[in-house]
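Visitor: Make a model of the complete structure from these sequences and hints.
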Amino acid sequence: DAGVTQSPTHLIKTRGQQVTLRCSPKSGHDTVSWYQQALGQGPQFIFQYYEEEERQRGNFPDRFSGHQFPNYSSELNVNALLLGDSALYLCASSFSRKTGGVRLSEKLFFGSGTQLSVL
Amino acid sequence: DQQVKQNSPSLSVQEGRISILNCDYTNSMFDYFLWYKKYPAEGPTFLISISSIKDKNEDGRFTVFLNKSAKHLSLHIVPSQPGDSAVYFCAAGRISSGSARQLTFGSGTQLTVLP
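First to last, the protein sequences are chains S and Y. The first sequence begins at 1 in our numbering and counts up by one. The second sequence begins at 1001 in our numbering and counts up by one.
Mixed in with the good hints there might be a few duds.
[Claimed, not checked] In silico DSS-like pairs for lysine-lysine, Cα to Cα no more than 25 Å straight-line:
1) S:Lys107 - Y:Lys1005
2) Y:Lys1054 - S:Lys107
3) S:Lys26 - S:Lys107
Simulated from the structure, these hints should not be mistaken for laboratory data. Computed from a prediction, not measured in an experiment: that's the story for all the values here.
Guide: Take a look at the structure:
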């Protein structure tokens, strides 16, 4: 059973360029979250996708956008790259169950991440 | 504004002894807390969790304690093993918000277990 897979593993871009990172969730999972982990920091929540819609968003500018496909895989796009966007980008998947109309996600499974370097 | 803080960037413990990792939070709306472990070149892996209605949760060698009045939680590992050497992240979330878990992470503690 494949876990969460991310591609590419490493990426080098220059300032002003655009980048697309990809994530395939663990089998059976329907929710994908993206996190940014800067050096020496903990992961910081970017946004979450469920049923092909962005459901929650952290404190990130509109340069960060995403998409979820019908097969639950997801993409993270970052436009107009800045030096400060250099970080490890982690994708996490989970299964969202509904209890009494409230959608709860089971625990997150993380991929190994994409290391983005902006020069 | 760091809502989840891990004030010790590193901790060294002798094999067989207890490891205690600490975490403080400031947002009283958090009602669910987790610990993740991260090895180099791998993503974080879930270790143990606790909801705010409990003050202790145990899973094998790992026990998490929650002190809501102090807004403090700790992870105890007994006995510590060299394979436990990793970065440990404390995370918090709000199940009661009615949406899926958006976790807030601390900055991590590097645990080194010495043989």
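Visitor: Look at each hint and say if it fits the structure.
Guide: Verification of the hints:
no. : hint                 : verdict
1   : S:Lys107 - Y:Lys1005 : holds (21 Å)
2   : Y:Lys1054 - S:Lys107 : holds (18 Å)
3   : S:Lys26 - S:Lys107   : holds (12 Å)
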